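**Q** What follows is each chain in one-letter form.
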Amino acid sequence: MPQVPILVMEGITKEFPGVRALDQVDFQLCQGEVHALLGENGAGKSTMVKILSGSLNKDSGRVLLRGKEVEIGSPSRARSLGIGMVYQELSLVSSLSIAENIFLGRWPRHRSGSIDWKRLYEMARAELEKLGLDIDPRIKVGLLSVAEQQLVEIAKVVSQNVYILLLDEPTSALSDRERERLFGLIRSLKRDGMSIIYISHRLAEVLEIADRITILRDGRKVGTVSVDEAPEDRLVTMMVGRSLSEQFPKTAAAVGQPVLQVENLSVSGVLHDLSFEVGRGEIVGIFGLMGSGRTTLARTLFGLERAKSGKVYVDGARARIGSPMDAIRLGIGYLTEDRRQGLVPCMPIPPNVTLSSLRDFSRFSFLKRKLEEEMAERFVKDLRIRTPSLKQKVARLSGGNQQKVVLSKWMCRKSRVIIFDEPTRGIDVAAKAEVFQLMSRLAQQGIGVLMISSELPELLGMCDRILVIRGGRFVAEFQASDVTQEQLLKTASGIGG
Amino acid sequence: MKEARSRSFATGLTSSDDAGPDGKGTIRYATRSTLGASLLRGGPIIALLLLSTYLSFASPYFLTTNNLVNVARQVSINVILAVGQTMVIISGGIDLSVGALLALSASFGAVAMTYWGLNMWVGIFLALLVGTMAGLINGVVITKGKIPDFIATLGMLSTARGIALIVTGGLPVPSHLTATTLKAYLPEGLIWIGSGDILGIPVAALVALGIAVTGWAITTRTVLGRSAYAIGGNREAARVSGINIEATKICIYAIMGLMAAVAGLVLTGRLNSANALMAEGAELQSIAAVVIGGTNLFGGEGTIVGTVIGAVIMGILANGLNLLNVSAFWQRVVMGIVIISVVVFDQWRRRAFESY
Numbered sequence: 001m002p003q004v005p006i007l008v009m010e011g012i013t014k015e016f017p018g019v020r021a022l023d024q025v026d027f028q029l030c031q032g033e034v035h036a037l038l039g040e041n042g043a044g045k046s047t048m049v050k051i052l053s054g055s056l057n058k059d060s061g062r063v064l065l066r067g068k069e070v071e072i073g074s075p076s077r078a079r080s081l082g083i084g085m086v087y088q089e090l091s092l093v094s095s096l097s098i099a100e101n102i103f104l105g106r107w108p109r110h111r112s113g114s115i116d117w118k119r120l121y122e123m124a125r126a127e128l129e130k131l132g133l134d135i136d137p138r139i140k141v142g143l144l145s146v147a148e149q150q151l152v153e154i155a156k157v158v159s160q161n162v163y164i165l166l167l168d169e170p171t172s173a174l175s176d177r178e179r180e181r182l183f184g185l186i187r188s189l190k191r192d193g194m195s196i197i198y199i200s201h202r203l204a205e206v207l208e209i210a211d212r213i214t215i216l217r218d219g220r221k222v223g224t225v226s227v228d229e230a231p232e233d234r235l236v237t238m239m240v241g242r243s244l245s246e247q248f249p250k251t252a253a254a255v256g257q258p259v260l261q262v263e264n265l266s267v268s269g270v271l272h273d274l275s276f277e278v279g280r281g282e283i284v285g286i287f288g289l290m291g292s293g294r295t296t297l298a299r300t301l302f303g304l305e306r307a308k309s310g311k312v313y314v315d316g317a318r319a320r321i322g323s324p325m326d327a328i329r330l331g332i333g334y335l336t337e338d339r340r341q342g343l344v345p346c347m348p349i350p351p352n353v354t355l356s357s358l359r360d361f362s363r364f365s366f367l368k369r370k371l372e373e374e375m376a377e378r379f380v381k382d383l384r385i386r387t388p389s390l391k392q393k394v395a396r397l398s399g400g401n402q403q404k405v406v407l408s409k410w411m412c413r414k415s416r417v418i419i420f421d422e423p424t425r426g427i428d429v430a431a432k433a434e435v436f437q438l439m440s441r442l443a444q445q446g447i448g449v450l451m452i453s454s455e456l457p458e459l460l461g462m463c464d465r466i467l468v469i470r471g472g473r474f475v476a477e478f479q480a481s482d483v484t485q486e487q488l489l490k491t492a493s494g495i496g497g
Numbered sequence: 001m002k003e004a005r006s007r008s009f010a011t012g013l014t015s016s017d018d019a020g021p022d023g024k025g026t027i028r029y030a031t032r033s034t035l036g037a038s039l040l041r042g043g044p045i046i047a048l049l050l051l052s053t054y055l056s057f058a059s060p061y062f063l064t065t066n067n068l069v070n071v072a073r074q075v076s077i078n079v080i081l082a083v084g085q086t087m088v089i090i091s092g093g094i095d096l097s098v099g100a101l102l103a104l105s106a107s108f109g110a111v112a113m114t115y116w117g118l119n120m121w122v123g124i125f126l127a128l129l130v131g132t133m134a135g136l137i138n139g140v141v142i143t144k145g146k147i148p149d150f151i152a153t154l155g156m157l158s159t160a161r162g163i164a165l166i167v168t169g170g171l172p173v174p175s176h177l178t179a180t181t182l183k184a185y186l187p188e189g190l191i192w193i194g195s196g197d198i199l200g201i202p203v204a205a206l207v208a209l210g211i212a213v214t215g216w217a218i219t220t221r222t223v224l225g226r227s228a229y230a231i232g233g234n235r236e237a238a239r240v241s242g243i244n245i246e247a248t249k250i251c252i253y254a255i256m257g258l259m260a261a262v263a264g265l266v267l268t269g270r271l272n273s274a275n276a277l278m279a280e281g282a283e284l285q286s287i288a289a290v291v292i293g294g295t296n297l298f299g300g301e302g303t304i305v306g307t308v309i310g311a312v313i314m315g316i317l318a319n320g321l322n323l324l325n326v327s328a329f330w331q332r333v334v335m336g337i338v339i340i341s342v343v344v345f346d347q348w349r350r351r352a353f354e355s356y
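Protein chains in written order, with the working numbering: chain A, 1 to 497; chain U, 1 to 356.
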């Protein structure tokens, strides 16, 4: 177990206009430990590491490295102090090779000034080997999977002689197997004496990888606990001030006539012969690993991708869906995997809410702006969208509130079927519970919900039925009440199931 | 206060009224953002006031009715083009062919009214039709051909100038030659539009004002305008929300073409003739006015009011340089530097007020 504090942060405060992002936060990192920063979005985790990585300046407080007070100030200064940051959005140049990326701007040179390729590749191979990675450093980064790119990114940061590594939500785009690989890497770095700050809002993985956990809420430190002494629901309570059982407020809804029926839907090379139906008031889950075709299914139903064959019925009538416009006209709504695809960030709330229903909010093409505002106001109240005013650009709202705006858009359009693709990605636990509550309410109103997710607990907590997709085919169907996480995972990855 | 704050998060019982993390924060937030926003929006008008104040001291002629009327007349053409350009840029596009479309439609109109001996109204209608159709073609090529707006309109620039040269035979219409031999003059009415006035106000300026009001109504009050903002702000979101991107873009480019034609007729009236090479560089002038007016060059944000102010700033600057006896060569240099400085300043301001 780690003992020596290598990094100490004392009384760190950071204010943004109107928000105290960090309020007198203390934090200690020991040599060779993985210390997780856990908290909802907006809790201040990212602000903390941004101060450490030099991209933000603290307003007050002290940072001590190995007992000496330091002013970080800039990313390059942070690096020279031995602090390296792996960003959520990777910073690799996709048209260059792995080796060129690892040593970006620090390429070894011949005396003539030209790049010494032989040495570059040797050095890169050595760096990759240190991390136990067996990839040819001459491959272009653009050809790698997201997970591999992330490993390269880590290799790049580690190669800069850092002894404190900051990882910001590193698993958000990874499949389970890739995550295991990343965790293996983190453990081996730890054995070599690297100290790691691991930011996440996913409890399960924090419990798996971290030694200690510091929980932040509303910019304040709630506490630091060692993993062994922290049961999961106590951590959740610390994070949000509410208990685990309140997370999935699923209420029973009567399942009625099928509102969406799909027969033998195929998309060339991706989806094969999918048939299923969603009833009024039913929540049907689709579970699959990355690359299983789960998002393609949603995109095809919404007219964003072309089906090779198959029939779709909405409310019993044959539907031809060639574009999102067709899908919307038929009463289908779609919350995309990437929330940003559902919002116009520079527009305020009302136009985002009515974006899909402009025909209902105009006469002879002239907008009824008063009506738009009233409608938006109603949704802001009803869905508890937290915003200083209706005029707020949605780019400035938090992830959970943005998701609620997207949901308002489809509710405003009176969609009869709503497809949720990873509805809780990147949003905090409190907002998650609210989104689920809304989902439950929609079902009670007789709306059919298709929920695509890679988070097993939420599928089990919210769905009536769960379909498992693998390699573009449905391989199993379960009633949510009589299936376990293990069973679903096994079926989805093709082990035993 | 802190207790209240955490409780409201925990229960999720915050109503929209006490929306911020805490009451105090909300108020500060609002003040800051409206102050920032008004500075953002007010930037162009502050620049305009400073410039005018300086010139009214620097030159005794600046604040004379005569001079201001003159400025209004000169600015009109650019206002008309820039209003159309604003809509194009808001929707995430750019139109490099506006000067060429202006010349093309003016040439057709002038040829129709002189050589072909058609009635003024028929000529005007023809010019407007040519401009609209050419703009429509821009839109169709961009959306159906799936090529960048920049390339499509660059191609149109050359094509339109070429056709204008063919139609006019490379001569001004009417030229001295044709006017004397054919006795073909432009109709009085058209000349009145370009050079006449009503109660001392130039007709051209009134036309520009009408166009600006129309543009303002389209951008702020119609489904078309809303769709344009959505497409420019986030094309993918617009698509997923069921906005008809192709129809919107085609429509916007057609309107741009129509406005180029209006500007062409006004300019023809003012110059007393049309020619295939008139209004060269007008595309850049219009884009500059749009950008100076605070519109985001990458789409999604911008206002017609800002654009009009931007065009007026450019007009007053040119006028001021004239009054201060700066040579025409240096004027170009100054113009260029001003445009770049404004955009640099604008970017800085956006970062300062938008990023936290």
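In short, the hints are calculated from the structure, not lab data.
These numbers were taken from a predicted model, which means no experiment stands behind them.
Any given hint could be a false lead.
[To be verified] List time: in silico BS3-like cross-link candidates among lysine-lysine, alpha-carbon distance up to 25 Å:
id : chain 1 : residue 1 : chain 2 : residue 2
1  : A       : LYS414    : A       : LYS393
2  : A       : LYS68     : A       : LYS50
3  : A       : LYS370    : A       : LYS381
4  : A       : LYS308    : U       : LYS146
5  : A       : LYS250    : A       : LYS370
6  : A       : LYS308    : U       : LYS144
**Q** Now tell me if each hint is right for this structure.
**A** Results for each hint:
1. A/LYS414 <-> A/LYS393: holds, 24 Å
2. A/LYS68 <-> A/LYS50: OK: A/LYS68 and A/LYS50 at ~20 Å, within 25 Å.
3. A/LYS370 <-> A/LYS381: With Cα atoms ~17 Å apart, A/LYS370 and A/LYS381 stay inside 25 Å; holds.
4. A/LYS308 <-> U/LYS146: Since the Cα atoms of A/LYS308 and U/LYS146 sit roughly 23 Å apart, the hinted pair holds (cutoff 25 Å).
5. A/LYS250 <-> A/LYS370: With Cα atoms ~35 Å apart, A/LYS250 and A/LYS370 exceed 25 Å; violated.
6. A/LYS308 <-> U/LYS144: With a Cα-Cα distance of about 23 Å, the restraint between A/LYS308 and U/LYS144 holds, given a limit of 25 Å.
Violated hint for the displayed structure: number 5, the only one.
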